[in-house]
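S.K.: Residue-level listing of the chains:
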Amino acid sequence: MAEFLNMGGYAFYVWTSYFLALILLGGVALWTSMQSRKVRLSAIRKAQQRRRKS
Amino acid sequence: MYRLAGRLAPWFGGLCLLSLALGLYLGLVVAPADYEQGDSYRIIYIHVPAAWMSMFVYVVMATSSAIFLIWRLKIADVVAEASAPIGAAFTAVALLTGSFWGKPMWGTWWIWDARLTSELLLLFLYLGYMALRGALDTPQGSARAAAILAVVGVVNIPIIHFSVEWWNTLHQPATISKLDKPSMHISMLRPLLLMVLAFQMLYFHNLMVRLRTLILTRESRASWVAELNPETGN
Amino acid sequence: MRVFKRDMKLAVRSAGQWLNPLLFFVIVVTLFPLGIGPGPAMLATIAPGVLWVSALLAMMLSLDALFANDFRDGTLEQMVLSGHPLTVMVLGKVMAHWVISGLPLVLLSPLLGLLMQLPEEAYLTLLASLFLGTLSLSFIGAIGAALIVSLNQGGVLLSLLVLPLTVPVLIFGSGAVAAAGMGLETSAHLSMLMAIVFLSVSLSPLAIAGALRVGVAAGR
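Just so you know, the protein sequences line up as chains A, B and C, in that order. First residue of the first sequence: 1, per my numbering; consecutive thereafter. First residue of the second sequence: 1001, per my numbering; consecutive thereafter. First residue of the third sequence: 2001, per my numbering; consecutive thereafter.
Hints should not be assumed to be uniformly reliable.
Below, in silico cross-link-like pairs of lysine-lysine (DSSO-like), each with a Cα-Cα straight-line distance of 27 Å or less [to be verified]: (1) LYS46(A) - LYS1074(B); (2) LYS53(A) - LYS38(A); (3) LYS1074(B) - LYS38(A).
Don't read these hints as lab results, they were simulated from the structure.
Work out the full structure, taking the sequences as your base and the hints as a guide.
M.R.: Rendered as structure tokens:
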């Protein structure tokens, strides 16, 4: 396990790369899903309120 | 389209996670260390897929922009708008991991290598596209203007790439070609292909979710929106 | 052609339009020796790049006003609605822009080359490469200027959109000057620049006209 984490001495570079990729791509994915949730809730609610009024 | 995207999204997401898990396992644990670069080459499993996706997404963006300009198909514009931030993220990942690979291999964080330089310019193109979209507030105006920019960009990319390559060979007669591998062993290649698949699926999944969001925003006055369940969005 | 003549007349009347980019070009080039140091050998090696980058930035500066004035006073809308082919009118407008903003830069560049200790062999190539380069810069930049025409303030955005697209022009242009300074053959660079000129002159009017239509429609 320690050997695996050590990455033949390149641990810092390898794991930072993977970490950065996780942050960026995961960040985009998270942002996407949060935005989707927000829009879903507000847009559909608003549409339903409009319908009830009319 | 909205419903189709909703139905496809979980499939893409599941496939992404599956290939990601398998690709990471094979790439980080099973595949042997490279005899020249040691374990540092394992960055390839995110660098190459990200670089590939950065170009793939731009082509998708430009193609759908062209479709939008020619046939006025609204959904094509939504695809382009949804793709831009994802593509920019892939480009940034390719650049950052390239830099973290370059440090142990070349001893420097950045070299003006032809591919890295082209990738940097590609990031600028993405950012310019997003900035233009953000600056123009009327939806119709920004859609067509952004589409024109995307098409102009895709016409330019080959020229930019060619010129950068040319410039690079002029200034560095002996280019470091450590990254040019003639052939890869199958145990190294398999996880790479899996990771490419995973990134591709990640893009499609993300695209589907963003499509739904954008369609909802744009069509918020349509009557079908009122029939959806706010919790699930279906 | 009429558009070309009209723009020329307007430019002659307002000196700032052609004078400001020129002054900008001169001042930016003089900043480099002040920032780096006056060593002649150092200056000579960076001269092609400095001259070219400064010319590129000066062109960007001048592009801002290319369509903005016509957009504000409604001339542009008339052009779009007039029924004449818009691409042809765009061609005239961009050519006028080049004569007003690009050509003076080309003519002044040898003087600045002198300041930058540019080797003697390179002057002819400097003129030729800037002549071709500024022409294509006018056309490429006009796409950006047309895209943001309906915005009130677009200066920085314009550079963000256009600068990545101008990279090939910069590479071949400054490459030609640098090669000439070292006594090397420059025909490859110049023919590449020539190809870029043909490409941009023939294709970009289409994009510019499309972008102007969008801008005018959005402005109404």
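S.K.: Given the hint that LYS1074(B) pairs with LYS38(A), test it: the Cα-Cα distance must not exceed 27 Å.
M.R.: Within the cut-off at roughly 23 Å; holds.
S.K.: Taken at face value, is the distance from the CA of LYS1074(B) to the CA of LYS46(A) at most 27 Å?
M.R.: It holds: about 23 Å lies between the C-alpha atoms, which stays within 27 Å.
S.K.: Is it true that the CA of LYS53(A) sits at most 27 Å from the CA of LYS38(A)?
M.R.: It holds: about 23 Å lies between the C-alpha atoms, which stays within 27 Å.
Violated hints: none; the structure is consistent with every hint.
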